[in-house]
Amino acid sequence: MKKRTFSGRAMAVAAAGVLLVTAVLETALNNPLGFGPFGLAWLVQTHPVSSWSALAAVFLLMAATGRLFFSVVAVGLLLSTIALASWTKIDYLGTPLTLADVRFFVSNLAENLVLFTAYPGLGLMLAGAILLILGASALALRAEPRRGIRTRLVAFATLATLAGSAWMANANSLNAALPDTAVLGDDRSVENGFTQLHKFKVTGERRISDLLEIFFTDASTQFLLPPQISQTRFKAAAAAEPPAVMPDIFVVLEESTFDPKILQACDGQAVCNSGLFEGSSAGREAGPLFVHTTAGGTWLSEFTFLTGFDWRIFGPGGAHAPLNMASHMQAPLPRHLQALGYQTIAIYPVAGNFLNARDAYRHYGFDHFLAIEDMDLGKDWQTLRDGQLFDKALEVVEQKRDGKPVFVFLLTIRNHGPHAENHADLPQPETPALAALPAPLADYLHKQQDSEDAMTRLGKRWLATERPRVLAWFGDHQPLFATKARPATDYAGSHLARPVADDQLRYLTWYAMTSNMPQAAATPAPGGAVLDLAYLGTRLLAFSGLPPRASDAATGQIQARCPHGIALCSDAQAVREYLSFRVWELQEIR
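Last residue of the sequence shown: 757 (our numbering), numbering continuous.
Calculated from the structure, these hints are not laboratory results. Hints are not guaranteed to be accurate.
To be verified - In silico BS3-like links for lysine-lysine, alpha-carbon gap of 25 Å or less:
id: 1; residue 1: Lys428; residue 2: Lys567
id: 2; residue 1: Lys614; residue 2: Lys627
id: 3; residue 1: Lys627; residue 2: Lys571
id: 4; residue 1: Lys614; residue 2: Lys567
id: 5; residue 1: Lys256; residue 2: Lys559
id: 6; residue 1: Lys559; residue 2: Lys546
id: 7; residue 1: Lys428; residue 2: Lys571
id: 8; residue 1: Lys546; residue 2: Lys614
What the hints assert, rightly or not - Cβ pair distances, simulated, as ranges:
id: 9; residue 1: Pro410; residue 2: Asp541; range: 43 to 51 Å
id: 10; residue 1: Pro410; residue 2: Ala739; range: 33 to 41 Å
id: 11; residue 1: Ala739; residue 2: Arg313; range: 54 to 62 Å
id: 12; residue 1: Asp541; residue 2: Arg634; range: 21 to 29 Å
id: 13; residue 1: Ile297; residue 2: Arg665; range: 16 to 24 Å
For glycine and all other residues, C-beta sits at the position ideal for the given N, C-alpha and C.
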């Protein structure tokens with residue numbers, strides 16, 4: 168006897184009944200359900216781009232294969248992987264994943280794959296996700312019988328309806344009365360994505376629906392410019408004559424360097440004390456520094472220091488500054504120094520094509536750019552110590568010097584993560600002081616001591632001359648383990664001149680500038696005053712006794728109003744006027 172099965176009509180009636188009951192429960196209960204047709208409609212309305220993308224992908228696969236279950240499984244796994252990847256990127260860099268990130272990464276795939284040599288766990292996660300998607304989709308494809316032509320025609324018709332609706336909603340010439348609906352690929356879709364991105368920045372919530380909307384909406388690497396507004400408070404700095412003898416300047420971007428006393432694990436631990444983090448004194452300006460990225464994103468700290476712009480003001484496209492913004496910058500610090508008569512040299516500790524670095528540094532204004540492959544330092548940057556780079560840089564200065572004063576900008580790599588998860592991975596025998604700390608912190612302190620020793624030797628060699636010279640360094644961001652660790656009790660209250668919220672401590676590093684000139688030209692910042700990274704170039708010029716850039720007078724004004732940077736500033740109007748002045752009146756971006 169043939170087994171009786173439910174007909175398609177009966178299944179449709181049952182599904183409609185479930186939807187009806189769910190809708191009633193959504194609206195009638197004192198504690199309504201959090202799901203159902205109304206919830207789904209609201210989700211689609213508030214996340215139109217990701218919803219449209221998901222539906223289009225499902226019906227496209229269904230039309231092509233005639234398999235509903237396979238289409239749902241394949242798209243569902245893909246969206247889950249995107250959400251997980253976005254969650255992971257938030258942990259590492261503090262920002263969600265976007266489609267522009269994927270485009271940015273794939274555009275220089277060979278160079279960017281170096282990321283997975285430093286973080287093999289990420290590579291394994293990606294490989295596992297790809298295998299899961301392919302494997303589960305293949306199983307679903309084999310297990311599900313192919314449906315008839317009617318099902319495929321329905322899928323084609325639904326897909327055509329989606330595309331037609333999207334076109335009509337955006338064809339204002341067809342019907343100007345139609346509301347603007349965000350769809351993939353249209354400029355107006357950016358507004359909805361920025362709404363979700365703004366909500367994430369304000370609340371820090373990691374709702375999967377929001378992360379998917381941000382991913383699909385931001386497909387462009389193009390940056391946004393601040394609005395042009397009239398203002399009278401900011402003026403260009405007056406022209407000034409440079410000193411008769413201009414100092415050589417050596418600036419070091421110290422990878423992942425921050426004051427470890429900011430962590431609770433360092434409370435009462437003498438091993439966490441370091442001469443690197445001493446404050447200002449005669450011939451030295453030093454103090455805490457606010458940076459604009461965390462756990463990674465060194466290229467963003469490079470951009471901010473060299474240009475004086477907080478990359479976050481340019482929207483999501485600002486996160487790809489070396490690729491899409493460097494060529495538009497008209498007044499970076501190295502170009503200003505070139506105009507004063509300096510020879511500019513960049514020392515880069517990884518491959519020169521990584522994140523478009525070689526081309527970006529040319530636009531920033533460097534006469535010479537030497538990456539790891541140009542310096543005979545091998546190819547394994549993970550074993551490259553600061554002292555090796557410093558020695559090579561001094562050698563390069565002697566080889567390249569053409570009689571002009573020199574500006575050297577060097578990036579270290581010694582303390583790049585990931586840091587050890589187990590004490591057994593640290594050099595043995597381990598000192599008792601380090602053994603008493605969490606393994607990542609112990610690994611960091613071990614490498615930091617090596618960096619401090621190298622910096623001390625560099626200072627003695629660089630500054631021990633009659634020629635005026637300046638040596639400066641700053642930390643680009645905190646390492647990942649530090650951003651996840653518990654902060655020390657009241658670090659801000661006891662170490663900083665102005666209080667900051669605990670969640671801002673993860674953006675705090677350190678800077679120092681030392682001169683061999685009898686008197687530093689700049690007045691040191693008061694003890695404990697936090698300097699924003701975007702202001703550091705202005706301070707460096709003043710400390711070195713050099714003429715300012717046209718924008719530096721305005722930067723000094725905005726620093727007085729917004730000492731912790733424009734991102735944390737309550738005077739929004741002053742910030743808008745400052746940015747408009749630099750971008751539109753001074754034409755620093757074209």
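Do the hints match the structure? See the list:
The hinted pair formed by Lys428 and Lys567 fails the criterion: a straight-line CA distance of about 40 Å is larger than 25 Å. For the suggested pair Lys614 and Lys627, the alpha carbons sit about 20 Å apart, so the restraint of at most 25 Å is met. For the hint pairing Lys627 with Lys571, the CA-to-CA distance comes to about 22 Å; that is within 25 Å, so the pair holds. With a C-alpha separation of about 30 Å, the suggested pairing of Lys614 with Lys567 is violated against the 25 Å cut-off.
Taking the CA atoms of Lys256 and Lys559, the gap is about 34 Å. The hint is violated against a cut of 25 Å. Taking the CA atoms of Lys559 and Lys546, the gap is about 15 Å. The hint holds against a cut of 25 Å. In summary, the hint linking Lys428 to Lys571 is not supported, as the alpha carbons are separated by about 41 Å, beyond the 25 Å threshold. Among the hinted pairs, Lys546 with Lys614 is consistent with the structure: their alpha-carbon atoms are about 20 Å apart, no more than 25 Å.
At roughly 32 Å, the beta carbons of Pro410 and Asp541 sit outside the given window of 43 to 51 Å. Against the hinted window of 33 to 41 Å, the Cβ-Cβ separation of Pro410 and Ala739 comes to about 38 Å, which satisfies the hint. For Ala739 and Arg313, the Cβ-Cβ distance of about 59 Å falls inside the hinted range of 54 to 62 Å, so the restraint holds. Taking 21 to 29 Å as the suggested C-beta distance range, the pair Asp541 and Arg634 conforms, at roughly 26 Å.
Between Ile297 and Arg665, the C-beta spacing of about 47 Å breaks the proposed range 16 to 24 Å.
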